[in-house]
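Q: Residue numbers (the numbering used here), protein chains in the order written: chain A, 1 to 96; chain B, 1 to 96; chain C, 1 to 124; chain D, 1 to 124; chain E, 1 to 130; chain F, 1 to 130.
Watch out, some of these pointers could steer you wrong.
[To be verified] Straight-line distance between alpha carbons at most 30 angstroms, and here's what the computed DSS-like set of lysine-lysine pairs gives:
#, chain 1, residue 1, chain 2, residue 2
1, D, K65, F, K98
2, C, K65, E, K98
3, E, K98, F, K98
[Stated by the list, open to error] Computed list of chain A residues with no C-beta within reach of chain F, every gap over 10 angstroms:
#, residue
4, G24
5, P41
6, Q43
7, R69
8, A73
9, V74
10, T86
11, K91
12, S94
By construction, these hints were calculated from the structure, which means they are not laboratory data. For each residue, glycine too, the CB sits at the ideal point set by N, CA and C.
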Amino acid sequence: MILHILNRSPGGSLVYRDALASMGPDDRLLLIEDGVQGALPAQVRHFEPVLDRLFALREDLVSRGLEGRCDEAVQVVDVDGFVELTEEADKTVSWF
Amino acid sequence: MILHILNRSPGGSLVYRDALASMGPDDRLLLIEDGVQGALPAQVRHFEPVLDRLFALREDLVSRGLEGRCDEAVQVVDVDGFVELTEEADKTVSWF
Amino acid sequence: MAQSDPPGELLVILRHAPHGSSWLREGLDAALVAAAFGQSVTLLFQGEGVMALLEGQDSGALGQKGTSATLEMLGMYDIESLYVDAAALARFGLTRDDLLLAAEPLEAADTPAILAAHPQVLVF
Amino acid sequence: MAQSDPPGELLVILRHAPHGSSWLREGLDAALVAAAFGQSVTLLFQGEGVMALLEGQDSGALGQKGTSATLEMLGMYDIESLYVDAAALARFGLTRDDLLLAAEPLEAADTPAILAAHPQVLVF
Amino acid sequence: MRYALLVQGAPYSQQASHSALRFAMALPERGHRLDSVFFYHDGVYNAARLAAPPQDEPHLPDAWRELHERHGTELLVCIASALRRGLLDEREAARHGKEGHSVEPPFELTGLGQLIELGRRCDRLVTFPP
Amino acid sequence: MRYALLVQGAPYSQQASHSALRFAMALPERGHRLDSVFFYHDGVYNAARLAAPPQDEPHLPDAWRELHERHGTELLVCIASALRRGLLDEREAARHGKEGHSVEPPFELTGLGQLIELGRRCDRLVTFPP
């Protein structure tokens with residue numbers, strides 16, 4: 001299982017498409033930095049194929065005023081949860 | 001008349017959409033750097049609304065092997081032509 | 001309201017979200033300095049830049065200052081002509097009630113006129 | 001051909017076009033160094049990165065070196081497992097005849113397996 | 001006409017500096033004067049005096065210096081952008097109690113107000129973003 | 001587990017350095033060891049010894065230094081990326097005939113081979129791009 005990390009918003013960059021296309025059936029996707037914009041209900045549809053494996057970093061949501069606006073499908077993790085995701089994965093791949 | 005300058009590829013970034021939405025009926029668009037990818041026949045449709053006012057910088061096409069692959073609707077200018085476009089415009093706006 | 005004001009001398013288009021990069025802060029700095037130099041400044045929050053206007057922002061995890069405090073100072077600099085990209089708001093599922101400042105929603109069709117009206121346009 | 005080779009130790013995904021930034025060169029440098037250290041390396045040209053493979057590139061206007069000379073040296077470093085994102089090629093209207101190197105077109109459906117097979121993946 | 005350029009890309013990372021230099025070189029040939037180049041955001045890294053690029057690559061800080069020497073173009077570096085990124089001239093180094101400096105003339109550390117002033121004073125301000 | 005980080009964003013321009021630091025700080029609490037941080041592309045600017053950010057902003061080069069002092073984490077800076085960007089330690093400054101230097105220990109200029117070695121040696125390599 002691979003942890004994919006995405007720091008770009010689907011509202012500005014198309015990299016999310018290639019990230020999704022590169023994900024295997026058990027892989028997980030963590031949204032960080034500007035990527036957490038993708039956790040908004042109006043944006044989360046871009047991540048439809050991996051909604052059950054979609055995470056977002058709490059600190060980045062909080063600093064942007066997005067924590068309470070997150071789609072409920074998104075699993076919010078703090079930085080310890082980020083570390084834990086890297087433990088559980090065989091490797092990580094960062095998309096930008 | 002405004003000269004808009006775009007240095008991003010429509011194959012990776014969505015900024016071209018806002019650039020187009022910001023263009024008036026006489027404004028011109030110059031593709032430079034990675035933006036010249038948009039001059040390929042398969043990409044140029046992204047610039048449909050401004051095809052008659054679409055320019056691309058020759059030097060950036062040449063270094064990328066794109067000069068001979070440009071769509072014929074695109075007006076290719078060298079760096080002197082770039083300067084000339086800035087002379088003719090009231091101002092320039094650079095999108096990235 | 002912004003629409004009835006005479007067009008300003010400088011339009012600053014803010015296209016980046018807070019915290020992810022320094023673009024938003026640097027764009028705002030340019031706007032504030034221009035205003036301090038006596039120019040009349042218009043701001044347009046476009047694309048991801050609309051995130052700058054979201055209510056409830058905070059500092060970063062390492063204590064990085066955000067930009068919302070700066071936004072609240074705009075009035076003190078007489079920067080009162082604020083537009084927000086209506087299409088981007090819709091794309092992010094946001095409404096005016098989500099915003100910390102009253103900015104006038106700008107339809108795509110009205111955007112070219114705003115750019116044309118300002119002698120100087122800077123994009124950040 | 002790449003498909004029959006055993007999977008390499010390192011997969012380098014190249015997502016940036018030549019000349020616009022240094023990403024492509026820096027990604028290739030990482031691949032070459034890994035190969036020089038004895039690792040078996042696979043390259044995947046993805047998205048705008050497929051532009052790296054285009055025939056007929058040149059140096060920049062100020063004499064900036066491109067990357068096509070480096071690409072031609074890949075064989076000397078035993079980097080022979082080359083994939084190119086088939087969807088990106090199609091999006092740019094390119095075919096294998098436009099490419100300066102024989103890279104195997106990779107369908108989206110086959111991409112996850114390539115990532116899974118390599119213990120290490122770097123994206124540039 | 002009087003031109004000014006705003007450069008916002010780091011040298012050796014993005015093409016912005018190269019594009020700006022090429023444009024700058026073409027201006028005199030069309031009868032224009034390049035008043036100033038203003039470096040902002042990562043563009044301030046163009047002023048790094050210790051840059052040691054490989055011999056077969058363009059030396060960007062030197063190319064800017066040459067532009068200054070040949071045409072009197074001012075090379076203005078946003079001081080706020082520069083300080084946090086470790087670009088200090090001798091005066092700022094002294095003021096911040098640092099030994100050594102990383103920026104030297106003809107690059108000048110200056111306030112953002114200069115950029116606004118350029119926009120006012122020059123006929124054209126062309127931005128080269130990263 | 002043994003971790004290594006690859007940092008590729010410029011400090012004060014992109015969030016990458018901040019994100020990497022936060023992640024680094026969380027590792028010991030979960031029982032991991034952060035072996036090394038490798039700075040590549042614009043990430044090398046994290047090593048700028050003269051950085052003078054405003055007092056109310058995080059001082060990133062200092063934060064990295066602290067990480068080194070507290071946990072022995074190596075701070076490895078890609079030498080090829082660094083030289084062209086004006087980041088030279090005393091040795092490289094001497095070798096290139098430059099007066100003054102812009103990088104000092106605990107940051108070490110080193111080859112890209114170290115990154116490959118880290119990928120091999122560590123259990124996890126996490127990249128923080130700009």
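Q: For this structure, which hints from the list above don't hold up?
A: 10, 11 and 12
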